[in-house]
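Student: Given next are the chains, with one letter for each unit.
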Amino acid sequence: MFFGENYLLSLMMLAPVIGSAIILFIRHKDAEIENRNVRSVALFTTLITFFMGLDLWAGFDNSTAEFQFVEKFQWFGDISYYLGVDGISVLFVLLTAFLMPIVILASWESISKRVKEYMIAFLVLEALMIGVFTALDIFLFYVFFEGGLIPMYLLIGIWGGVNRIYASFKFFLYTLLGSVLMLVAVLYMYFQSGTTDIPALMMYDFDVDVQSWLWLAFFASFAVKMPMWPVHTWLPDAHVQAPTGGSVILAGVLLKMGGYGFLRFSLPMLPEASIEFSWLIFTLSIIAIIYTSLVALVQEDIKKLIAYSSVAHMGFVTIGIFLLNTNGIEGAIFTMLSHGVVSGALFLCVGVIYDRLHTREISRYGGLAVNMKIYAVTFVLFSLASVGLPGTSGFIGEFLVLNGSFAYNSWITFLAATGVILGAAYMLYLVRRLIFGELDKDDVKAMPDLSLREKLIFAPLVAVVLWMGIYPNSFLDPMHVSVQALLETHFPAQMTRETTHAATIDTSSAVVGR
Amino acid sequence: MNGEIPALLPALPEIILAIGAMILLMLGVFRGNGSFTQVTNLSVLLLVICAAVMINEVGGERQVTFNNMFVTDAFAVFAKVLVYMGSAVALLISGKFLAEHKIDKFEYPILVLFATLGMLIMVSANNLMSLYVGLELQSLSLYVLAAMNRDRLRSTEAGLKYFVLGALSSGMLLYGISLIYGFSGTTEFDVLATSLQGEGTPEIGIVIGLVFLLAGLAFKVSAVPFHMWTPDVYEGSPTPVTAFFAAAPKVAAMALLVRAMINGFPALIDEWQQVIIFVSIASMLVGAFVALVQTNIKRLMAYSSIGHVGYALVGLAAGTQAGIEALLIYLAIYLTMTLGAFAAILSMRRSDGMVETIDDLAGLSETNLPMAVAISIFMFSLAGIPLLAGFFGKWFIFLAAVEAGLVPLAIIGFLASVVACFYYLRIIKVMFFDDPSEAFDGEHGRSVSLVVGTAAVLNSPVSFLLISSLAGAAAWAANSLLFQ
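So the protein sequences, as listed, match chains Y and P. Going by my numbering, the first sequence opens with residue 590, and the numbers climb by one from there. Going by my numbering, the second sequence opens with residue 57, and the numbers climb by one from there.
Heads up, a few of these hints could be off.
[Claimed, not checked] No more than 25 Å apart at the CA atoms, straight line, and that leaves these computed lysine to any residue pairs for SDA-like:
1) Lys702(Y) - Asp416(P)
2) Lys759(Y) - Phe478(P)
3) Lys1034(Y) - Gly956(Y)
4) Lys759(Y) - Arg703(Y)
5) Lys759(Y) - Met284(P)
6) Lys705(Y) - Leu1041(Y)
7) Lys759(Y) - Leu471(P)
8) Lys661(Y) - Ala527(P)
9) Lys759(Y) - Leu348(P)
10) Lys705(Y) - Glu494(P)
11) Lys618(Y) - Glu494(P)
12) Lys661(Y) - Ala529(P)
13) Lys152(P) - His500(P)
14) Lys705(Y) - Pro492(P)
15) Lys759(Y) - Val349(P)
16) Lys702(Y) - Asn626(Y)
17) Lys661(Y) - Ile637(Y)
18) Lys705(Y) - Lys661(Y)
19) Lys962(Y) - Val1051(Y)
20) Lys702(Y) - Pro492(P)
These are calculated hints, taken from the structure and not from any lab test.
Only chain P is shown next, with the shape it has when bound in the complex (with noise of 0.2 Å):
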């Protein structure tokens, strides 16, 4: 506050993306609509070059800047690693998509850029405002790419929607903020933390800001009761910007989610647990019962999407840092199944353009047997079927649930994988077991194919190899995070 800079070193990635999605903006101004395969593949670099920063110039240490309003930490390392990667394959697999569909515009991918600069401020917040600024700059981006093919009324209305609902929920956010800071006087979650603690019966205002709050996070991760926007966006996009709602903004909300609590309201525990399991039960149940009469793919996604939002929050519930972990592993795990199952969406294509309907596939196996493979790899592992990566993710979350005492909530997340296998089962049996439509144009380009096999590789039993370094790397996150 007197007038020196603060030290830049610990945001340098996020200022090297910044100046650099400034650049690539100049670029694509000054090159027209010809340059998006370039600007493209500059953003795909820029991101890696950022990672690459982040992981030998920062580290995993605890390095707190601008006022305390900005940390890094090995938590926000792992979180960030998540987000880059998921920011880079939807870079990856969305050129033939847009050029096709004639939106191969170069804001794409500088949209995409300024989105992941939101998703890096929000994973390192440290403070309710740096929170909500890395939020906005976030969503404005997400609401624009939502309604990137404007010419078509689903897209618009999409991003219409997104935006009316995304404002209100920023609106309820705003208002539990500033109810915490009416109450406690500070926005700081270290201060915050130390001024709630041992203070008994936690003040109304506290309390109800902070369901203030939670509600508007909740919309953020697409948690019922907050979900509503969700299948109507993941429809109307274009499906490469589906891809990218599905994976990065997640794992950036959650990761929010998390610190907030754990770092901000720890003396809150009982207030939040309950609410951050009622939200993950009806995530959980409404994820697995309504898609089950969804036919269309993207639509299905998005309610499998829900419930592996309730899946992830068991972690959170469970409050332990064995809990954050689990979510960490759960958050990584679910990266990997989503970019590959949307790069499989974008594979969906005939002579006549995308289709989108789960009868469309029916007898991939016969026309397509290495994409049929690797579809019911994603399915059965989004189902949580062991052999497969997604069985690791429900195994540590439900470990940890029982180790809080939440042996109920454990059983209702079992079943309701059992409802939701019915569906996944239900792709499955439409590839392999009905007979063959009109087979796909093999033409998706050769990114997405890359995305395909190597997402299904690391879903494969080759997991059985990944998942100890996985675990190992979570835990050092975790641990960041709780004891610092």
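Looking at chain Y on its own, in the form it has when it is part of the complex (with noise of 0.2 Å):
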């Protein structure tokens, strides 16, 4: 650790705050320096606040799940600023400030409309996703949690596609109608129990028959926002729509508020309804992992097939978080943190041909390999990680929540297993079409293999998709001794089961390396 080890979380959120403020007062008399600078000093930001996460990472203890990096002040009533990190979230907050340069570096040069809102946007967009996997006040987690709507709703509403304003109303008043009820639930639990403290509630025991209204209520907000099917209808829209820097942004970060919401609050909150109602989600699942499969090979859309396929990939998510084994859950962990790389990266392979050809229907591209050679070794590497090939990132997460479920219920296994058929069927036919086959158009031919700048872009992507893929323990490591205090503190008698079928199966060990 180097600096700042008492206020580390506070100066991540207080870096891209400070950038924005900046960049607001930001003025020169020719528009482009004045662009060139207001994207400047947001690199720099969030580099800085990279770095910050790494260090984050680096002086992360692995051996405790107890919350660390803690921060808390009183701010008013019983509520007071509360931050902290354990195994389940310090990846989240890597994930985000991992993204935030990327996705700053791709929108250099196809967002020239104003430029200092956008960055603005999505700067202070960062300090509230930071906020979210941080916050250790369900009152502050929920500020943040539906904060981050403002910015997005911005983002895809001013330097969105054609349909834009459609799209973004549907996300923010589809995300907003989750919330409130999750809302009516917070309000619920702080009366309960008196305290807006999330460890304090953690160990809160809620009447029985409480727990299954609360937890319906917080399922409401965080299906939609994962998305779960039949909830999943806003996501097409809104990565359709938004720029290619707020695809990567969403589909990177804010899906996996869903996830993480289920693990913090869920899960630990209210145990028991988690085990009452977890055949809802494990049908839920599965009919989200096998429809929006089938859905996606029929997308014209580059986009869209993409944001399907990310519910796809969310159903897998939440089964492995539902098992209540330690498989299942790290499985989902990191499913979420590949999928986060992953799906961004597919977002900013579209951005790149899109920002050429300006439009994301397959059918007008074809034969790629021929006149991008890097852009389709790129493209291909992530489909691939999509579709869970071994030694990307996508293969450990899908394994690990397919053998936890396995030990759950074979069923289960079975029809997850179909989606990792489908998924590769999509992924492939997409690839087909869209790299491979005649390069016959003339506008095709025309176009540029990648920039110095794109090639910039997807080198980190590419080596933490390979990292993640081949040496998944830097990234196991961290969560593993949270995860299992979860399991053992609130589901001991799912944790017994779970030893007597590890004597029986115990591949995913030696798998993984561990």
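Put the two chains together into one complex, using the hints given.
Tutor: Spelled out as structure tokens, the structure:
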């Protein structure tokens, strides 16, 4: 650890806010120079935040399930400004900080109008996202969770595509509707327990009857955010209409808030209800995996296809979380991280060709392998990572989830594994239509290969995807103790069942090299 | 009653205000209409002086005077500070507009002062009689203000509508008061409270009287089903007058309603709670749904204010100290949002005069970004989205409701707020996503900019720093009301 041990999390939130304040005051009579300065400041700010994120990762103690880097100040009433990370949240903070500089770089040329506002919106969004993953006060969590809607609404609405207004409204209202029900639950929990402290609420025993209602209220919010079938319909719209940077953040980070919410609230605070409703989650997730994979198969729009694939991947995540065993939950977290990187990268890939041809229609492309060789390699790599090819990040998460589900119920494994096959089908079909085939369109022939800036964007993403696939322990180690503690404290019965199973099925440890 | 002069200190600010207003009236009469600016500035100064006297000399101790007709306590101080603020700000932002419409008559600030005096008496009323006197002083001044622009049909229509319906509601109020007096033998809140205590089922006459009283007061706070006048009056009145209507009188009438119910009829809580819950739900729903189809921004703000009254009433419906505290916090935040929003509406002017449809805001973010940002802050805050002050109001209100066991009410309220969010978002959409129309004329005066800027800052995340002290003050005020 190098600096700011006590206030590192606050500093990570403060840096983007300061950055956006500086951008606010950048003025120059030449608009080009002004925009360049704005972009540079934004990039610099996000890089600083990323380095603080690395510092956080380096300073994180893997051997304890306690919250670390804790900051706590009395705010008003019983509510306090309370931050901290544990093994479940630390990597999400890192993911956010990692994706932001990439997003800024990706918007370098594609955003030319209102650059200042764009960068400010993104920096504010970054601060709020970090806030969501680090807040240890339920009120604070809600403020960050909901507050993120404002910049995202503006990002989709101002810089989005043709149908952006419809998409921005749908995104905002859908998410808000889910969240207000959660807010009622939050109020009730505060009233019952007299505290808004998340660690204290985790230890509070809510009445079993009430738990079901509270669980459903939280479910309403997180299921929309995830998104789970059948409340996923806002996602394809939002993704298609959002600018590339917005899609990357939406897929990379915002969707993870739902899964994080389940892990942070539903599971530890409402354990009985979580067990009781796990059938609901499994049913919806399996429908999501199979149905949205089939839908993805027939999409004509590249972004829509990737959006539907996100819904399917999130189905794996929700299954993993509610398996209530170590492999399932670690697999779910790992899938979220991997999906954050991979789907973000895929949206960036789409952005690259969209910037050149200004269309997202699959049939307008074809044969890119001939004239855009580096691009083709990159795209195929990320597609395979999305499919879950061993050696890439996608494999580890899906494998752990399927392994965990095998210990629970082999039918779930069977049905979820169908989704993996369908996933391969739609991704490879996309690759065939986009990358391979005849290069017969004149405007496609004229498209140049990746520029240096674009290579710089993809290089870290490729590296991380391979790192996560080849040596996943760097990412599994921080979460291990926290996941164990979560299960041991709140689901002792499930733990004992798992250990008996572990005697018979002990393959996972061998494969991931633990 | 034995010929002694009653204690004047508790009512000192009101007395100063009454005398000051009359002096300013004389000044205006002698100097003619040219004295508008001077009288307005002196009126603002007078309001500030009265507020200072109230805080420094009267204080938050409970004191009664004039045969228990008039009470002052922490609750009154809190509500009166809001009233003073609302009136002073409304005066500040009106000058330019009135001058341009050639209605810059010196009577305007005087009428605002008298209306304010009425509101102060309402807040301090401890007796059904003083309640009525204060209410009428306020209402009569407001009727005239609504019809200020007497050469325009819409303004006179607004004034007339307001007057006829207002008179009707005053009639209902008086009828209710007479019933209550007939069945209980007193009009004094404290005596009413003790005499109604422990009677088992209350007499039907009292209950009917109470319902009439509530109907009359619901009219004054423009709660559904007595809201019909609000959109027309808001739209027809000159915009600064609308800004004034939306702020201070709402606060005063709400404070009056709270004091009458909590201090006068604590024993009948089961009866009035039902009425308040109904009125609150109806207001939230009407405010949310009817506003969806509005195109005029003043009408939209009228429905929005109906909705917000519904939210504030949730706090009263809870009937607990936490509920009253939440209501006061809500009113304080509502005041800043509304005044800011109306000041922003005042800046919507082009060379050919004022415009007030929502589409006129199109593309404001490209022609005047700071104003667009300020309006978005107000809209997101009115919608109750976290990060902005409006969310704190909703948080406290619904927390109180949940604590009082009114979970369904909280759920309905939140769902209504999602519907309401749609039209607030629409305004932001028009400003940020649509192509710009003709830019506004920047000449809206420095005081308007000042009010918009201050209100925007107060509603922005800066409110995170202020909420703690606001909650403390509200708790102090609510405490004085319940545990005398």
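Student: Taking the earlier hints as the rules, which of them does this structure contradict?
Tutor: 5 and 18
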